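Chains as they are written, first to last, in the working numbering: chain A, 1 to 253; chain B, 1001 to 1263; chain C, 2001 to 2281.
I should point out that these hints are in silico values taken from the structure, not numbers from a laboratory. Please read these numbers as outputs of a predicted model, since none were measured by experiment. We treat Cβ as the ideally placed atom computed from N, Cα and C, and that holds for glycine. Treat each hint with caution, since some may be false.
Derived pair list, reagent style DSSO-like, types lysine-lysine, alpha-carbon separation capped at 30 Å [claimed, not checked]:
| hint | chain 1 | residue 1 | chain 2 | residue 2 |
| --- | --- | --- | --- | --- |
| 1 | A | Lys114 | C | Lys2172 |
| 2 | A | Lys69 | C | Lys2169 |
| 3 | C | Lys2172 | A | Lys124 |
| 4 | C | Lys2262 | A | Lys105 |
| 5 | C | Lys2262 | A | Lys127 |
| 6 | A | Lys187 | C | Lys2169 |
A partial selection of chain A residues facing chain C, derived with a Cβ cut-off under 8 Å [claimed, not checked]:
| hint | residue |
| --- | --- |
| 7 | Tyr13 |
| 8 | Phe28 |
| 9 | Leu57 |
| 10 | Gly61 |
| 11 | Asp84 |
| 12 | Ala86 |
| 13 | Ala96 |
| 14 | Phe128 |
| 15 | Tyr152 |
| 16 | Trp182 |
| 17 | Phe235 |
Computed footprint of chain C on chain B, listed as stretches where at least three residues anywhere in the stretch have a Cβ under 8 Å from a Cβ of chain C [as the list claims (entries may be wrong)]:
| hint | segment |
| --- | --- |
| 18 | 1077-1090 |
| 19 | 1097-1105 |
| 20 | 1113-1119 |
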Amino acid sequence: MPHIEIRDVSLIYDTPSGSVPGVQGVSFSIEPSEFLCIVGPSGCGKSTLLNIIAGFLMPTGGEIRIGGKIITGHGMDRGVVFQDFAQLFPWRTALANVTFGLEMKGISKAEREKIALEQLRLVKLDKFVRSYPHHLSGGMQQRVAIARALAYNPSVLLMDEPFAALDALTRDEMQRLLADVWRETKKTVIYVTHNVAEAVYLADRVVVMTPHPGTVKTEIPIRLARPRDPLSVEFLEHQKELLRHLGGEAGKA
Amino acid sequence: MSANTERMRSYRRAAVTLLVVAALYEASARSGYFAPALLPTLPTIGRTLFAMLLDGSMLGHALYTFYRVMFGFGLAIVVALPLGILMGRFRTVEGFFLPLASALMPVPSLAWVPVFILWFGLGNTTTVLVVFYAATFPMLLNTWSGVRSVNPLWLRAAGTMGADENAMFWKVIIPGASPFIITGMRQAFLRAWIAVVGAEMIAASNWGLGWVIFDAKEFLNTDIMLASLAVIGFIGFVFERLVFGSLERATIQRWGMVRAAKS
Amino acid sequence: MTLRDAVTAETARADVALATPARGIGDRLRSAALTAYPFVVVGAMWEIVAHLGIFPPRLFPTLEEVAATFVRLTVMGILPHHALETLARLSAGFALAAVAGVVIGIAMGRSRRAEDIFLPLVSIIAPIPGIAYAPLFLLWFGLGNFATVLLVGFASSFAVIINTWTGVKAVKEIWVRSAQSMGADNRRLFRLVILPGALPYIFTGLRLGMAQAWRILVVVEMLAGVQWGLGWMIFGAREFLNTDVMLAGVAVIGIIGLVLEKHVFQRLEDYTVVRWGMMEQ
Ligand SMILES: Nc1ncnc2c1ncn2[C@@H]1O[C@H](COP(=O)(O)OP(=O)(O)O)[C@@H](O)[C@H]1O
Ligand SMILES: [Mg+2]
C-alpha cells in the first residue's frame, strides 16, 4: 500500500478580486521511504499542494490519505520545512527550536535534549546548539529547521524549496547532507523545487507539474545509483528529459 | 467563507458596536441616575454642536486654535528643517545641537506653559511658543536621521553623473531624506495638536477649542465639552488623512519608498 | 493619529553623542568635553543675559540661583516629595494602561469578533489628544488623584492597545504553521509562539505609552487640584513669580522623562527581543 495517496486534489483561492485556482485535479501516490520531488514552474501551485498535504489548507476537491486515513488537518505524522529562513523561532536557541515538537509531546527535558542533540549532530550542527537563530547563517538555519522537523519523528518530511534562497555552493553541500540524512532516517520525503538538477540529484521519482493552474503533467522515475554524480552522462540525460517536459509546457504557455 | 462576506460582517459588527455604545450612553443619560448636566443626551450634544456651528462661535474657536497650531508648527518647520539638514551634513553643527536637542526633548512641552506664562503672559505668544517647542524636536530629529540615512550609493551615483553640491542637495539629499521629513512633519503636527489643546486650557483667554472645553467645566456644560471634543477629533482626522495622506501619496508612496498602509 | 503612526511614531531616536564608544580615559574625557561644550556655551549666554539685568531677576534668574533652589528644595525634602507623588501617579496610571492595553490588544489580534468590536471605538477615541479629555474626567470623577490616574491610564492605553494588536497580527504565519505541525495546541501556540512573537511590538507600545503617560500627567497635575506633584509645583510657583523653582522643576521633569524613555524597558528588551535578534539595540 502506498504511504500517501493524493486523489484528484484541487484548491481554489477565494480572493477579494475573485477566485484563483491554486492547483487542479492533482493525483499521485508515494511509497514508504520514497524520496519524491515535485517540479514545476513558479506559480504553478507547488506550495499550495504541499500546504494541502501538510494540512494547512483544506482542498476544495479531492482527498489525501496517509497510511490509508483521510487527513483533516495538520498532524505530528508530518514534519514541514519551508523556504523562509525565518521559520525558526528567534526567541529559542537552535536546541530549543529542535526540542519544540518533543515538548508538545510531553517528553521530559533530559530526554528531549538528548534527542535534539542527536538530530543536530545529524545535520552537523552540534557545535551551535546554544546559538540563537540570528547568529546562524542561512544554510545553518535551514539545517536546524530540518533537525526540528525530524526530531519528533514524523514518518513524512515535507519540504518546500528549502534551499532555494541559498548560494550555489551551500546548496550543493546541503543537498549532499539531505541525501545522507534521508539514507539514515528512511523518511518518506516530498520535496518541492523548481531546480531540475536538484530534483535529479535527490529524487527516486519526479512529478512534473504544468504551469498555472497546475496539474500533474508526468512522472519520471530516477533510477540512478546513489550517491549520484551530477556530471555523469546519465544524470545529464535525466536533467535534459525533465527540462524537455518543463520547457514544452513553457513554450505552450 | 469569501473575503467579501467577511468584510461585510466586519462592517456590520463595527456598526452594531457603535450603535450599542451609543444606546448604552443614551440609556444612562436618560436613566435619571446621573445629573443631566454631567451626562447630556446625544440629541442635546447634537443640538449644542449645531447651535455653536450656526452662531459661528465654534468656527471662531476652531480658527483661533488652527491659527496657533499652524503658526507654531510653521515656525518649527522653518527652524528645524534647515537645522536638521545642516546637522545631517556637518559634524560640527551636529556636535553642537544634538546634545542640546537630546537634553530638551524629554521635557514635555506643556511643562513649559507656567514658565512661558510668566515670561510672555497669557495668550497667543505663550501658546504658539509651546506649540513650536512641541513640534520642533520631532521635525529636527527626523530630518537629521533622514539626511544621514540617505543611501551613499545614490550620492556616489549622482557624483559620477556629474552632480555638483547644489544638485546633490536638491536632487538627491532632499528627496532621499523625504520619507523621514514627512514622518517628521506628521509627528510634529501630532505633537503640536496635543500641545495647542493643553496650552489653551492653561494659558489662553476667551478663544480656542482647548479653552472652550476647559471653560465649559466651570459651568458644568458637558454638552459643550463633548461637542468640542468631536470638533477636535474631526480636525485632527482631516489633517492626518487629507493633508499628510495626500502629501505622502504624491511623493514617497509614488516613488515606492514606503509601502502604503494596509487597510 | 492614525493607527499606523502610533506604531511608527518616534522611531527616530536621538542617538546622543554620549553613546559613541570611547576607549581610553583620554578618549572618554574628550567625548565628555565635546558633549558638555554646547551646554557650556548656552549656559554662559544665559548667565550673561541674567547678570546684565535685561529682564527682571525674578523672571530670569541666574543659573546659580536655580541650582541653589534645586539644592534647597531637595535638602528640605520638598522636591523629592513632589517627585515621588508624581511617580506614584505615573506608576498607577501606566500600570492600568499596560494591563488593559495588552489584554485588549491581544484579544483584538486573536479574535475577529473582538477586533470588530474594539477597533471602531479605538479609531474614534484615540485620535483626540488625551489632554482634551481632562476637563471631562475631572467633571465626572472629581478633582484629585482618582481622575488623574484614570485619565493617564486612559490616554496612554491606546498606544499599548494598537501596538499589541499590530504585533499579534504581525506574528509570522510560518511560525504558527511550524508550531502547529509540531503539535502545539491553541494554548501553547499562544504562550510559546504568539506572545514572544509579538513582544517587540508590545515593548514599543509600552515605551510609547509610558512617554505619553508622562507628558499628560504633568499637565493634569496642573489642572486637577492635587496637593503634591511636579506639575502642580511648577504651576503653583507661577503665583509667586518663583521662576527658579519652576526651572528646577522643569529640569527634574526632563531628567525623569529621559530616564523613563531610555532606561525603563531597556533591560527587559536587552534580555529578550534584543538577544533574540528581533530588535536592534
Ligand atoms: N494566499 C493566496 N491567495 C490567493 N492566491 C494565491 C495564494 N497563494 C497562492 N496563490 C496563487 O496560487 C497559484 C499557485 O501558487 P503557489 O502554490 O505559491 O505556486 P508555487 O509554489 O508553485 O510557486 C499562484 O497563481 C498564486 O498566485
Ligand atoms: Mg512556492
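- Task: Check each numbered hint from earlier against the structure, then list the numbers of those it violates in ascending order.
- Result: Going through the list in order, the structure violates hints 2, 4, 5, 6, 7, 8, 9, 10, 13, 14, 16, 17 and 18 and respects the others.
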